[in-house]
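Enquirer: Required output: the full structure, derived from the provided sequences and hints.
Those sequence lines, one after another, are chains V and R.
Numbered per the working numbering, the first sequence spans residues 1 to 290.
Numbered per the working numbering, the second sequence spans residues 291 to 523.
Honestly, the hints are just simulated from the structure, not real lab data.
Please note: incorrect hints may appear among the correct ones.
Coverage of chain V stretches by chain R, computed from C-beta distances (three or more under 8 Å per stretch; other residues unrestricted) [as the list claims (entries may be wrong)]:
1. 68–78
2. 85–95
3. 101–111
4. 265–276
Here chain V is said to cover these stretches of chain R; the calculated rule only asks that three of the stretch's residues, wherever they fall, bring their Cβ under 8 Å from a Cβ of chain V [stated by the list, open to error]:
5. 359–365
6. 472–484
Glycine residues also receive a C-beta, built at the ideal position from the N, C-alpha and C atoms.
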Amino acid sequence: METSGILEVRDLCKRYPGFQLSDVSFTLPRGYIMGLIGPNGAGKTTTLKLILGAVHRDGGTIQAFGLDPAREGAAVRSRIGFVHDEPRFYRQLTLAQNAALVARLYRTWDDDEFRRLAVAFELSMDKRFGDLSHGNKTKFALALALSHKAELVVLDEPTSGLDPVFRRDLLDTLTELLQDERASILFSTHITSDLERIADYITLIQDGRIVFSQAKDEILERWALVKGGLDQLESLPPDFFRGLHRGAHGFEALTDDAAATRQRLGDSVVIDRATLDDVVFYTTGSESDA
Amino acid sequence: MTELIRRDWIALRRDLILHRRTLVLVALIYTAFQAWFVTDISSTTAWLVLNCIYMAVLTVVPLSIDEKTGTLPWLCTLPVTRADLVRGRYVTAWALVVGLYTVAVGLAAFVPGSQLSALSLLEPDRLLLAAGIVTFIVALLLPFTIRFGFMGVLLTLVAAQVLGGVMLVVVKITGGGVGGGIASTIGGLRHGILVLRETLSVPVFQLALLALLVLINWASYRASVALFRRRDF
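Expert: Put into structure tokens, the structure is as follows:
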């Protein structure tokens with residue numbers, strides 16, 4: 001029986017030597033896009049692999065379409081389209097041969113859709129996979145992931161090797177997927193501007209822990225960049241801001257409550273809209289001095 | 291059951307496509323080798339033993355391709371279970387063995403000057419002996435190949451060599467006492483099999499042996515699945 005979210009992750013834990021994913025929780029509702037952001041080594045890829053059942057979890061629960069990937073991995077993966085940040089298919093085979101191997105594993109495979117995407121992505125099907133550029137490898141992986149009517153598309157840094165024009169086209173393609181509100185997308189990326197364009201929810205992960213998982217509009221509404229003089233910092237508690245950068249003549253800081261900051265500091269500071277890039281920069285970095 | 295067969299067929303087809311070039315090369319070398327072999331060896335049993343060892347190793351080695359190409363993490367994101375992936379390896383290995391054995395029988399029948407009788411290679415006893423040797427090697431090598439890739443094959447073969455070396459040293463030190471013990475154990479095993487065959491009727495004995503071989507393959511497969519499931523990708 002399906003639960004309220006197409007994907008529900010609760011208190012997820014995974015231990016590696018030197019790294020631990022701890023108590024990761026978030027919910028992705030059906031028909032929405034969630035961006036998973038965070039610095040390198042934060043635990044984004046590990047989280048995605050746990051959702052796919054490719055690694056074993058040490059604690060917590062995952063429900064994808066109401067199923068547990070650890071117990072019903074094949075059934076879960078048949079409904080997921082996955083793109084790895086470094087796509088690996090059989091180098092010695094052509095794209096057509098690779099696609100034929102993959103197609104047989106999906107009962108919902110749509111060959112017409114695959115051919116349409118291959119043409120749209122300008123992929124030459126008689127080329128060997130090993131001869132493709134990184135960008136074209138990603139395009140091929142995307143074409144496969146979007147050709148079996150996946151209900152959940154999981155993308156691990158898919159846009160990192162792509163040129164800006166194709167990146168924009170891809171984001172449009174992903175948005176089109178959500179037209180009938182049947183599919184959902186979980187999108188891990190460093191390029192936060194992509195998420196500002198298409199994401200509905202943002203989950204920030206750092207050092208294996210969730211910093212927040214909220215609706216994007218709520219984040220952009222509540223979080224703000226604050227600029228002011230250094231003397232103003234003296235009257236504030238040390239943890240008033242989520243991140244702080246001191247310069248020679250003033251400070252720039254991030255607040256997670258723009259209204260409260262405005263109420264407390266009034267017009268003595270400048271409060272600007274924060275981008276997701278600002279949020280990642282200030283929440284994952286420590287207080288710094290210029 | 292139909293779904294299981296469908297998945298195994300997909301896995302077998304996948305491996306045949308993946309290894310097509312290697313398989314053509316192996317088939318050519320194997321055919322040339324066997325063409326010479328059948329004209330040079332007159333003992334069917336000796337031929338059978340050497341050929342089965344050769345076949346089993348030939349089929350196991352190419353199956354480590356996913357380790358070499360780094361495609362295992364990707365395979366684990368597809369809608370197949372780990373057990374499906376492992377079973378595909380066993381199905382492919384046995385399909386290749388059957389294919390190679392068929393080629394060898396054909397060569398024994400048609401190569402001019404062949405000293406072997408093709409019909410004798412198809413006798414139930416010979417087929418069981420062949421299946422026994424292949425089972426022993428495949429059941430031993432595949433779990434390590436599946437867990438560690440080609441390195442697993444090498445490690446197993448090196449371990450067997452080391453074990454053999456240690457045995458020789460021990461035999462030397464004990465003045466042949468242990469060697470005699472091993473020889474008498476093998477002799478006793480052979481005697482036991484012969485007694486069992488005489489006690490049971492031949493067809494019952496053959497069926498029991500076949501069941502034992504199936505059981506060993508199944509145990510090896512379960513061990514491989516257990517080893518493979520422990521891996522994180």
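Enquirer: So is the stretch 359–365 of chain R in contact with chain V by the C-beta rule, three or more residues under 8 Å, or is the coverage claim wrong?
Expert: With 5 residues closer than 8 Å to chain V, the stretch 359–365 of chain R meets the three-residue bar; holds.
Enquirer: Examine the stretch 101–111 of chain V for residues whose CB is less than 8 Å from any CB of chain R, and state whether their number is three or more.
Expert: holds (count 5)
Enquirer: Within the assertion that chain R covers the stretch 85–95 of chain V, do at least three residues meet a Cβ-to-Cβ distance smaller than 8 Å?
Expert: This one holds; 7 residues, not fewer than the three required, reach chain R with a Cβ under 8 Å.
Enquirer: How does the stretch 472–484 of chain R fare against chain V when you require at least three residues with a CB closer than 8 Å, holds or violated?
Expert: violated (count 0)
Enquirer: Using a Cβ cutoff of 8 Å, are there at least 3 residues of the stretch 68–78 of chain V near chain R, or does the coverage claim fail?
Expert: It holds, with 5 qualifying residues against the three required.
Enquirer: Using a Cβ cutoff of 8 Å, are there at least 3 residues of the stretch 265–276 of chain V near chain R, or does the coverage claim fail?
Expert: violated (count 0)
In summary, the structure is inconsistent with hints 4, 6 from the numbered list given earlier, while agreeing with the others.
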